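Based on the provided sequences and hints, a complete structural model is requested.
Residue numbers (the UniProt record's numbering), protein chains in the order written: chain A, 1 to 325; chain B, 1 to 273.
Simulated from the structure, these hints should not be mistaken for lab results.
Given the structure is predicted, the values throughout are model-derived calculations rather than measurements.
A virtual CB, placed ideally from N, CA and C, is assigned to each residue, including glycine.
Each hint should be verified, as a subset may be incorrect.
If you anchor each label on the Cβ, the simulated ranges turn out as follows [to be verified]:
| id | chain 1 | residue 1 | chain 2 | residue 2 | range |
| --- | --- | --- | --- | --- | --- |
| 1 | A | R90 | B | G131 | 35 to 43 Å |
| 2 | B | E60 | A | D179 | 30 to 38 Å |
| 3 | A | V105 | B | L52 | 14 to 22 Å |
| 4 | B | R190 | A | L44 | 37 to 45 Å |
| 5 | A | W226 | B | R234 | 28 to 36 Å |
| 6 | A | N157 | B | K128 | 55 to 63 Å |
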Amino acid sequence: MTVTVERGGRNRGTGVEARHLPAGPRRPRDSYALFLLPGALAFLAVVVVPFLMNTGVSFTDWQGVGSPEWSGLANYRELMDDTQFWASFRHSLFMVVAMAVVPTVLGLVLAAALFDFVGKHFGSRTAAVLRACFYLPQVLPIAVAGVVWSWILAPENGSLNELLEAVGLGSLRQDWLGDPDLALYSVMGVMVWVQLGFPLVIFMAGLQRVDPQLYEAAELDGAGWWRRFWHVTLPQIRPEISVVLLWCTIAALKVFGAVYVLTKGGPGGATDVPSYFSFTTFFEKTQVGYGAAISTVLTVIVLLLALAGLKLQTRAEDAEEGGVR
Amino acid sequence: MTALRRYPVLLALVIGALFMVLPFLVVAVNAVKSPAEYAANGPLSLPEGVHLDGLKDFWERVDYGQKLVNSVLISGSVALGAAVLSVLNAYAIGIGRIRGRTWVLAFFVLANMLPQEALVYPVYYLSKEAGLYDTRLSVIIVFTVIQAAFGTYLLASVLGRFPREIIEAARIDGANKWQVLWRIVVPVSRPTIGVLLVFFFIWTWNEFLLPLVMLISNDNQTVSVALGVLQGQRLMDATMTNAAALLGVLPAVVFFLVFQRTLTRGIAVGAVK
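Given below as C-alpha cells:
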C-alpha cells in the first residue's frame, strides 16, 4: 500500500488550470468538497464514532449493559500483569514470521524463479499457470481454508496422518491442532499456505519493471543466477518488498478467522492471538472495558506500523524525485 | 543453461505448485465418497463411484442455498455501494484537489488499516440501538464504508493523474462538475473501477469477524460465517466437514477462474501505485 502524496507534479497541473480559468481558480475548486460529504458522514458513523467509543470504553469498567464506570488506566494496568495478554502478543510474533517473513522470502525466490527462469525457458504461459496455483489459496475465505485444513489435519482419518502412515512414517502421526506443543506451528503452516500467493504476485509484477539490460550486463560479467538475484533483483524491487512486509505484518497482527476456525485459541490458549483474545473478552466474558483495552493496544501498534510505512514511502518517493526538495 | 539444470528447477516449482493445490484436490476427491467408503479406505484412496449424498445432506442441513443468496446479496451491494462512495471521495481528492487532501487521504489509508476489533463492539452495540442488529443491511453498511477506504485511496491516486485538458475542455463546453464526473471521469476510469468492484466483492465474501458478530440467525448468515461457526462447534464428522469444505471452496474457485486476470493485475496496481 502506498499513498501518493502529490508533490512537484501538482504545481504543473495548477499552472495549466490557471491558464484556462484565470478568474480565481481557488473558489470553484473548494466546492469539490461537497463530493466528499457522503463519504465523510459515512466514515463518521461507521469508523470514527465507533473507534472513539471503543477507545473511551477502554478506560471504563463495563459489562455491556448499564452505564460504563470510569476506571482510568485500571484496564491497562491489569493488562500488564495478564499472562494471557502477553502470550497472545507473543503468538502474534509467530504469526508475523508465518505470514510476513516466510512468505516474503519464499515469494522472492519463487517469483524470481518463475519470472526469469520458467518464463524465459518454458514460456510465460507455464509461468502464469504455476503462479495461479500459488495464488489460489488467497481467494479462499479464511473460514473455508480453516475448514479444509482442520479436515486434513484431523487426528483420526485426517489426510496428513493417513499420508504419513502410507509412506511408512506412521510414527510421526500427530494430533496436529490438538497438541499444545504443536498447534501453533500447525496454524503457522496453514498461514504460510494461505499467504504465499500475495507476495508472489506482487513481486512478479515488480520484476516486469526491472530493466532486462541489467540482467544482461550482470550475465556478461559472469554472474550466476544467485548473484544476479542478490545484486540485481533484490535492490530493484526493494519498494515492493517493503510494501509486502508491512502489509503482511499488519495482516498477521489482525489474524482472527483462522484461529477461530482451526483452534479457537486452544488447546489451553496455545494459539491465542490478540484479536481472538479481545473477541472472547467482548462476547464470551462480556468484559467490554477490558476487551476494548486489548483492541486499543492492538490498534496503536498497527497504526504506528502503518504510519512508519507511510513515512518510509514518502521518503522513498522524495528520493526517487532526485532530491528536488 | 543446460536442460540438465533446467528441468530440476521446473520440477521443484511444479511440486511446490502441486502442494498448494493438493488440499483442493483431496477435498474434491473425498466429497464424492460415501461415508462407509471413507471410513473403510480413508481419505487417500480414489473414489469407487460418484456418491453425492453427503453433499446433498449438508446442503439441506445448513440451507446452503440461502447462505449463497446472502453472500451474493451482501457482497454485491457492498461492491456497488463502495465503488460509488470511492468515486465520489476520489473525485474530490484526485480531481477537485480539495485543500488538505493529503490529510484526508492519510485518514482513509489509516481507516483502511484499522483493526476491525477496535470497531466491532461499538458497531454491535450501535446496531442494536438502531434496530439493525442481525440484519444483512447492517453488514452491508459497515463494509461499504470499510471497503470504500481502500477504493478512495486507490482511485484518488489514479484520478490524480487524470488528464486535466479533458476536464477543462468539458468545463468550457458548459458541463458542471456532476456531469464531468459521470460522463467523463467514470467512463474513462472504468478499468480501475472494474478492479475495485471485483476486489470489494471477493473481500466482502471472505469477511469473517464482523459478519460473525452481526449475523446470528441462520437466515442471514453468509457462507463464511455458516461454515466457520459449524466448524467451531466441532459437531461435524469427517464426511460432513469434507462436504462443507468443498461447498465453501467451489464459489472461490469459480471467482478465481472468472476474475483471475483482473485479480492479478489489480493486486499489482493496488500494491505499488
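Verification of the supplied hints:
no.	hint	verdict
1	A:R90 / B:G131: 35 to 43 Å	holds, 41 Å
2	B:E60 / A:D179: 30 to 38 Å	holds, 35 Å
3	A:V105 / B:L52: 14 to 22 Å	violated, 42 Å
4	B:R190 / A:L44: 37 to 45 Å	violated, 30 Å
5	A:W226 / B:R234: 28 to 36 Å	violated, 47 Å
6	A:N157 / B:K128: 55 to 63 Å	violated, 42 Å
Hints 3, 4, 5, 6, counting from the list given before, are not met by this structure.
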